[in-house]
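Sequences are here, hints too, so could you generate the full structure?
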Amino acid sequence: MQGTVIKSSGSVYGVRATDGTVVDCRVKGNFRLKGIRSTNPVAVGDHVRFDIREDGTAYIVDILERRNYIVRKASNLSKQSHILAANLDQCFLVVTISHPVTATTFIDRFLATCEAYRVPACLIFNKIDLLNEEELQELASLRQLYESLDYPTYAISALRLQESELTKLFQNRITLLSGNSGVGKSTLLNAILGKDIARTGAISSAHHKGMHTTTFSEMYPLNNTSWIIDTPGIKGFGMLDMERQEMGHYFREIFAISRECRYSDCVHINEPGCAVNQAVVEGRIAFSRYESYLSMLDDITENKYR
Numbered sequence: 015m016q017g018t019v020i021k022s023s024g025s026v027y028g029v030r031a032t033d034g035t036v037v038d039c040r041v042k043g044n045f046r047l048k049g050i051r052s053t054n055p056v057a058v059g060d061h062v063r064f065d066i067r068e069d070g071t072a073y074i075v076d077i078l079e080r081r082n083y084i085v086r087k088a089s090n091l092s093k094q095s096h097i098l099a100a101n102l103d104q105c106f107l108v109v110t111i112s113h114p115v116t117a118t119t120f121i122d123r124f125l126a127t128c129e130a131y132r133v134p135a136c137l138i139f140n141k142i143d144l145l146n147e148e149e150l151q152e153l154a155s156l157r158q159l160y161e162s163l164d165y166p167t168y169a170i171s172a173l174r175l176q177e178s179e180l181t182k183l184f185q186n187r188i189t190l191l192s193g194n195s196g197v198g199k200s201t202l203l204n205a206i207l208g209k210d211i212a213r214t215g216a217i218s219s220a221h222h223k224g225m226h227t228t229t230f231s232e233m234y235p236l237n238n239t240s241w242i243i244d245t246p247g248i249k250g251f252g253m254l255d256m257e258r259q260e261m262g263h264y265f266r267e268i269f270a271i272s273r274e275c276r277y278s279d280c281v282h283i284n285e286p287g288c289a290v291n292q293a294v295v296e297g298r299i300a301f302s303r304y305e306s307y308l309s310m311l312d313d314i315t316e317n318k319y320r
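Residue numbers (my numbering): 15 to 320.
Be aware that a few hints might be false.
Within a straight-line C-alpha distance of at most 25 Å, the following computed SDA-like cross-link-like pairs (lysine to any residue) qualify [to be verified]:
1) Lys-182 x Glu-148
2) Lys-209 x Ile-20
3) Lys-209 x Leu-173
4) Lys-209 x Pro-235
5) Lys-42 x His-61
6) Lys-182 x Asn-146
The hints are simulated quantities; they were obtained by calculation from the structure and are not laboratory data.
Laid out in structure tokens, this is it:
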């Protein structure tokens, strides 16, 4: 039998079969993806084959070829990956200027990953109703920065969102919804779906950070042709299996300007004739973006997780 993984709880996977029924499946202990060392060999969005045994127990026996997937470095096992989702049409990153603060480094790491895996990305700035004048100016600056790089951005308040406002962005698409804990992903998902499906939570008053409410990944139907994948809140976003010379390819402005560098293998740190360094000095590349690029280079050099 064949189906699509719509829910993952770590050990049990909900598979929606071609007839619409959902079957709880497990994987054998030695089941591993070919060529990928992963903490989760099966991900939400995977198309799989599964067998149901005489005792009613179902096992996933094969993963069909993926057209794409999004991977991050596992936070506890630096040399392994964690697959967020597979077979995606787009990724939406929910971010907040405050309550809690989403670091631009996190945004840039996420966008670079989407570039690496060729999945279109979009930024949704949430909780704009809570922003003061200074924070609204920061919001405007960030939107201008990312829109200048051709990343669509939206500014919303999920608590006041009308169901139809963002629904059109999800039509006829499989969309990954991601972000730090506390940015309002679950509230946004509930607003888009028009019903309370995902559990919401409060912000920690002690640390002004979000507390996890989503504990596993799940795919929700908006209609027969539109699905939204909700993921647990992510604290960090480490990169995986990228060479130093490749990193600049995943920053659109750095890649464009790097063609003017004196040396083809320039990594844009302190090489002579580096056009990227000059562009940073002249303000043609945002310093925050360049800082994110350097931090990701540092990850590769130190072989560490951020």
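The hints, checked one at a time:
no.	hint	result
1	Lys-182 x Glu-148	31 Å, violated
2	Lys-209 x Ile-20	18 Å, holds
3	Lys-209 x Leu-173	13 Å, holds
4	Lys-209 x Pro-235	12 Å, holds
5	Lys-42 x His-61	17 Å, holds
6	Lys-182 x Asn-146	29 Å, violated
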